[in-house]
Amino acid sequence: MPYVHVLPDRYVPLHTLDLCTNVFVNVSKPIAIKDFPILLIAGGLVPVVWLAAPRFPGSSDWHFVVAEGRSANPAIQVAIDASKRETVVTAGPTRLICAVMMADDRAQVTEIDLRPVGLNVIGSKSGLMIGTNRFANNRVQGASIGIALG
Amino acid sequence: MSDPPDSSSQVPRQLRTTENQTFTRSIEVSEATVSPMPGLYQAVFPLGEADFLRIKSSSPWLTTAGGAVLSFGLAYALPFVVQVLLARRTGADTQIGAESWWVSGVLIAIGSGLLIGGRLLSRERQQVLKRIEAHFLTNPAELAHRIKS
Numbered sequence: 002m003p004y005v006h007v008l009p010d011r012y013v014p015l016h017t018l019d020l021c022t023n024v025f026v027n028v029s030k031p032i033a034i035k036d037f038p039i040l041l042i043a044g045g046l047v048p049v050v051w052l053a054a055p056r057f058p059g060s061s062d063w064h065f066v067v068a069e070g071r072s073a074n075p076a077i078q079v080a081i082d083a084s085k086r087e088t089v090v091t092a093g094p095t096r097l098i099c100a101v102m103m104a105d106d107r108a109q110v111t112e113i114d115l116r117p118v119g120l121n122v123i124g125s126k127s128g129l130m131i132g133t134n135r136f137a138n139n140r141v142q143g144a145s146i147g148i149a150l151g
Numbered sequence: 019m020s021d022p023p024d025s026s027s028q029v030p031r032q033l034r035t036t037e038n039q040t041f042t043r044s045i046e047v048s049e050a051t052v053s054p055m056p057g058l059y060q061a062v063f064p065l066g067e068a069d070f071l072r073i074k075s076s077s078p079w080l081t082t083a084g085g086a087v088l089s090f091g092l093a094y095a096l097p098f099v100v101q102v103l104l105a106r107r108t109g110a111d112t113q114i115g116a117e118s119w120w121v122s123g124v125l126i127a128i129g130s131g132l133l134i135g136g137r138l139l140s141r142e143r144q145q146v147l148k149r150i151e152a153h154f155l156t157n158p159a160e161l162a163h164r165i166k167s
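Residue numbers (this note's numbering), protein chains in the order written: chain A, 2 to 151; chain B, 19 to 167.
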């Protein structure tokens, strides 16, 4: 690796993150590609989401299009519902991420579809699909990266 | 067949399922990238600090001219204002004709007008904006994406 990927300053990893029935405990980067974090979720009133996309199509240089729950790209919207403690990230009609706080240190991602940002990751309450790999009811504990892509 | 897996319909071929496992290291998956949606990308213009300062700049000629005229107008009006204030205190009548006020007013108005004009018109700003427009006309990021794929 040419340089070390540093996590955003204001990101504090959750203790437990349920990613479409796969539980990550003490994982600082739930999804990463070659060590660069693609998806980060921090706790709060609602889940605080960071989501990365390639800088241009085919690039291996990823940068955050959603940072600290705010969209940096006009094509992506972030909607929060404080009463349901839910954050929904959408790109047009597609829901990229739907995350809910279950407790102050636990969040659950109920829906995920990262194809608009260039990742073949789709998930629902029945499991997570990455390419042709399906993951359900697994547990990752004590690793810094939950799912390492690429 | 190279269709991407459809999340809503049948299970794709060669599906590998990993269930009910506990991992103490990362789950490693390769080849998970697809083409991002074209609308994600917008052409951006790299705006350096120098260009940014040019955009903020005002026209130096108009600002100088406006400043000079405004200062002169204020200086011209000052003696009359002093006379009026003194006269008010003593109750005497002043003999300042209307022309003096008109001249001062016109000078101040012209000076302020030039200053405002200087703020609004700036040759450097126009040049930078022209460059930005040319950039967007010739470098649409979406067009490049469509051609490549």
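These are calculated hints, taken from the structure and not from any lab test.
Every residue gets a Cβ at the ideal spot worked out from N, C-alpha and C, and that includes glycine.
Please note that a few of the clues may not be correct.
[What the hints assert, rightly or not] Computed cross-link-like contacts, EDC-like style, restricted to lysine to aspartate or glutamate with a CA-CA straight-line distance of at most 16 Å:
| no. | chain 1 | residue 1 | chain 2 | residue 2 |
| --- | --- | --- | --- | --- |
| 1 | A | Lys35 | A | Asp62 |
| 2 | A | Lys126 | B | Glu37 |
| 3 | A | Lys35 | B | Glu46 |
| 4 | A | Lys35 | B | Glu37 |
[What the hints assert, rightly or not] Label pairs and their computed distance ranges (CB to CB):
| no. | chain 1 | residue 1 | chain 2 | residue 2 | range |
| --- | --- | --- | --- | --- | --- |
| 5 | A | Lys85 | B | Gly85 | 55 to 63 Å |
| 6 | A | Asp106 | B | Glu151 | 45 to 53 Å |
| 7 | B | Leu155 | A | Val26 | 45 to 53 Å |
| 8 | A | Arg107 | B | Glu142 | 52 to 60 Å |
| 9 | A | Arg11 | B | Thr40 | 40 to 48 Å |
| 10 | B | Lys74 | A | Arg71 | 22 to 30 Å |
Hint by hint, here is what the structure shows:
A C-alpha spacing of about 10 Å is found between lysine 35/A and aspartate 62/A, which places the hinted pair at or below 16 Å, so the restraint holds. Among the hinted pairs, lysine 126/A with glutamate 37/B is consistent with the structure: their alpha-carbon atoms are about 14 Å apart, no more than 16 Å. For the hint pairing lysine 35/A with glutamate 46/B, the CA-to-CA distance comes to about 10 Å; that is within 16 Å, so the pair holds. A hinted pair counts as satisfied when its Cα atoms are at most 16 Å apart, and lysine 35/A with glutamate 37/B does not qualify at roughly 24 Å.
Between lysine 85/A and glycine 85/B the CB atoms are about 59 Å apart, so this pair conforms to the stated range of 55 to 63 Å. Restraint check, aspartate 106/A to glutamate 151/B: a C-beta distance of roughly 50 Å satisfies the suggested window 45 to 53 Å. For the hinted restraint 45 to 53 Å between leucine 155/B and valine 26/A, the CB-CB distance of approximately 52 Å keeps it satisfied. Distance hint check: the CB atoms of arginine 107/A and glutamate 142/B are about 55 Å apart, consistent with the given range 52 to 60 Å.
In this structure the supplied range 40 to 48 Å is violated for arginine 11/A paired with threonine 40/B, their Cβ-Cβ distance being about 31 Å. A C-beta distance of roughly 26 Å is found between lysine 74/B and arginine 71/A, which places it inside the suggested range of 22 to 30 Å.
The structure fails to meet hints 4, 9 from the earlier list, while all remaining hints are met.
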